[in-house]
Structures are given as C-alpha cells and as structure tokens.
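Going down the list, the sequences are from chains A and B. First residue of the first sequence: 1, per this note's numbering; consecutive thereafter. First residue of the second sequence: 1, per this note's numbering; consecutive thereafter.
It cannot be assumed that every hint is accurate.
Claimed, not checked - Residues from chain B shown here face chain A by an in silico Cβ test under 7 Å; the list is partial: (1) R30; (2) P111; (3) P205.
If you are wondering where the hints come from, they were derived from the structure by calculation, not from laboratory data. Backbone N, C-alpha and C define an ideal beta-carbon position, used for all residues, glycine too.
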Amino acid sequence: MTNAIEASGLVKHFGKTTALAGVDLVARQGTVLGVLGPNGAGKTTAVRILATLLSADGGQARVCGYDVVRQAHQVRQLIGLTGQYASVDEGLSGVNNLIMIGRLLGQSRRQSRARANELLERFDLAEAAGRPVKTYSGGMRRRLDLAASLVGQPRVLYLDEPTTGLDPRSRSDVWDIVRTLVGDGVTVLLTTQYLDEADQLAHDIVVIDHGKVIATGTPDELKDKSGGQVLEVEPADRNLLEVAAAVVANRTGSVPDVDAGSGLVRVPVADAAVLPAIIRELDEARVELAEFTLRKASLDEVFLALTGREPADSENGDDNGMTRELERSSR
Amino acid sequence: MTTATLPFAEPAPRLNPLTGLRHTFTLTWRSVLKIKTNMEDVVGLSLQPIMFLLLFTYVFGGAIAGGTHAYLQYALPGLLVMTVVFATLGTGLMLNQDITGGVFDRFRTLPIARWAPLGGAVLGDMVRYMISVAITLGFGMILGFRIGTNPVSAIAACLLLLTFALAMCWVSALIGMLVKTPMGVQMFGFLAFFPLVFGSNLLVPAGTMPGWLQAFVKINPMTDLTTAERGLLTGGPVATPALHSLLWALGIFLVFAPLAVRAYRRRT
C-alpha cells in the first residue's frame, strides 16, 4: 500500500501562538483520512500547508512523493481543495467559474465547457449555472466549490470541514460524492468536527488538539481505546429515570449520565457480566424498560475521553477565521 | 513506509512562460466578465467623471478662468488624468476582494503562473479605464469642450493616459495586497492619490501656489502627464512632457509591479 500524503513533524507558529506543534499525518492512497479536532486545533493550518498555501516553520510533507515546498508546482497539479469558505468568484456565474478553472488548467474552450456542464449536472446546479454565485445559497456555494476542486480530476482532495453549516440532506449528498471519488481511487483528507462524519467516511482517523496529534487509528480502534462499551437504559416511564440511574450507579460503580431530554441513562461498562444483575434489580424496582442496549462507545465519547471536552466546544471561535486572523497579524 | 509512485501522468516540473501568458489572458477574460455582471460598478465609474466635470466646470470655472467655457478647455485634460488615476483604485479594491473573498486561495492551489492573477486583473481593468476616458471626453464635449488639435493627437492623448494607468494600477495593486480590507484599500488609496492629483497643475496653474508647493508640483508626474494631455488635446508643448510621462510610467511599473507580485506571493 502506498501513501498519497506523508507529513512529519509539521510545525507552524503565528506570532506567539503555536498552531501546529509537530504533526504527523499519513493518508494511504485511495482512502479517506479523517482529521478530527475541536475549533482552533490546527486542522485548517495543516490543510493549508499540504495545499501549498502556507509554508511550515518545521517538518516536511509530501504529496504523491512530491515535496509541498520544493515541488509545489507538481503538487498543485495533483490536488484539489475545498475550504470551509467557498473559494469561488462571487461575481461570476457558476458555469463561468468552472470554465475559468478548466481553462487555467489547460483545457480547450470546448473541453472546459463540457467538463463544467458535467460537474454542474452532477452537483445539481445545472439550473443555477448561469446565475452569479453571489445569489447562491450556502449549500449551493459549497457544492460549486467542491465542483471547482474537481475540474482537474485531482488525485488528492482536501476537504476542510466540507459540511459545516449544511443541512442534513446536503451533508449526505457530500458524503455520497466523497464515497464515489474514493471508489475512483482518489485520496481524500477530510477535516471535520462531526464525529459521525468521520465515522461514516474515514478509513483512518487522526485526532488533533492544541496542534498535536493525540490519537490515531481506525474508527473502531479509537472506540476500543477509550474504554469499550456503553450501556444505555431507557425506562418506559420517564418519572423513573432517577430510580433507574440509582440502580445502574449501584451496580456499575460509576456515575451515569442522565439525559432528561431523550430519557436515557448512559454509563460506561467495563464488564458485561453486571448486566443480568442490573436487569433483575430494575425489575424488582418495577422499572419497565423501553430500551436496554450495550454498544461500542461512539466517537463523541472517544473524543470526550481524549480531549476532556465535547467535540463542538469552541473556545477560540471559528477555526478557519482564527487561522486567517493569525496569518494576517503575523505578516 | 513507501512513497507513492502512482499510475498517472507525471506532473510537469515547471511552467512554460508562454503558458503563464495564457493564464493571464484567461484571468483577463474573467475580469472583463465581472465588469459586465457588476453594473453598479460601471454606473459609478460613469457617473463619477460626469459629476467631476459638472462641479469643476460650473463651481470653479467662473472664479478661476473668468468663464465656464474657458475653464473647461483648460481643466478637461486634467480631469481626464484625475478620473483615470482614481479609476486605478478599483484594481487594488478588486484584488483585495479576491483575497478576502477566498478566490485567490483557489488560484494559489492551481498550477498556474504566480503573477497571472495580478496580470489578469490589471489587463482586465484596462477596459474600465477606457470606459472612464470615453465618458469624460464624451461628456466634456457635450458641455462644450473642443479638441483644438487633430484626431491623431486625440487618440495619442488617450493612449498616453492608458499607458500611464497601466503603470499606476500597480501602485493600487500593491495597496490592495498590503491592506487588510477593501475599506482600507479605499482609504489608503485616497491618501496616496489625493496629494498627487491635487498637488499638480491639473485643475489650476501653479503660479499662485507657495514656493514649496510649486516645487512639488514641478516634480509631480501628474503635472507632466497633464501638460502632455493639454498639448495633445488643445495645443501646446507635447514632446518633453509626454516623454517625461512615459519615463515616469516605466519607472512606476518597474518599481511597483515586482513589489505587488512579491506582496501577493507572501500574502497567505
């Protein structure tokens, strides 16, 4: 198996802030590498370095064997980037945006128009093709941006939080597109704060926090690492939530998470042998059960265990926005 | 760990300069298309010289030259210079919007010549400058301005203006690269261009100005350009001021174009 992306020891400072403090990344050819992390973790900085937009202060990176600094021109012939903010020309129509990129990539007038129409069709933008992009909705803009990064049929595609701010339908559309691309042999580096997205798409995951890699592995490996399984108990009668919680706490020895909204009592379980006892005791306490499940920890719980906070917690506000601010102030 | 040797066309190691020129033309096409879709800009671009012409002719004309017609004959060549110089601010503004809007990130990830986005913006803006010149001259003639020379000289006057604009817009491009927001571009642009435009013989003869200001007027390239425009449009000396203007244009281009390209490459 060959690697499409290899980065080692990436370091980047913006003034006094350290955005990356030695990050290693490897993406196997034809797979999705998910880069997970809270806002401000350094995900966007890493992507911008790999996309030749930013030079690292330390470390090195290769894309398909080409150095992102010394062989940037070659790397640019292989990559596509869809950022958190759409990199398209607001003042041009959708179709002209794509034609412009096709022409810049050396396609003939006819080729570029054909490719533009094909992509607009595929991304459900054919009807809006002639309209200026500034009249597009957020989802349409994102789809056009994705189309724009595919004009040149890149071998490596960077998707920087491609579904942030999209409605669920547009999200699953983007997921389908990513799966198709990977099926065609494209390597995808996907950053996201949505763990279900990484779970759905990524073959390998790297978790970054404060500019450092804090965990790597397949989604399943990560879930196993963080302590195995979770028991969820849902009483049929919500008034008995506290009673159920007390039983569970007593038997497992850890304080369960009681979610009044969904009516669930949730607790990590180290040993499945306690389950029969819990069921018996709930029965004795006359708690009727609507649900009783033992499942693998979700990536959210993994994330919480690794970083000590919820994935969507934002301490620095918007990741990309902050990075840009830092880049500017460091100029 | 193995490094990939992938089964697809080997990427080209470097760019052919002719290809860079082709990229520039594609991006020129883009700039021109944007002018067409952005009618607000075109309307503003057209109304501004009309406003200048009306204000300067009828507000100052009588006081400065003793009559509006005489003043129009004197001021129109200067107003042409002023209109075109202010129009070059649009170049910096558009480049700055490209950066803040994100489309420059797209260009920078494409295997294209690094200077092509700047070159395309500058060449595309020539269309805007032509519109400015045509409207100023056309509306001036409606108000009573008469070309006192011949059509060939008048065409030469327009070409000289455009050549100068092609140089000045690199100053604007540099401002656009260095300043954070489009608002800032406008502010710094005016700070840089106002003294240049008004500290000259563009609207009034320099004779009544204090000595230090006359010294500045004398070395100001706007003065040479305006004198050359007057010569070409209404008669008077041409050769020396035109040569000086061209040398200034060349100098400005040689200094500011590389600075702007460098600032663009460094801007992240």
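Going through the hints against the structure:
no., hint, in the structure
1, R30, "5 Å, holds"
2, P111, "4 Å, holds"
3, P205, "42 Å, violated"
Figure legend: structure checked against the earlier numbered hints; the only hint not met is number 3.
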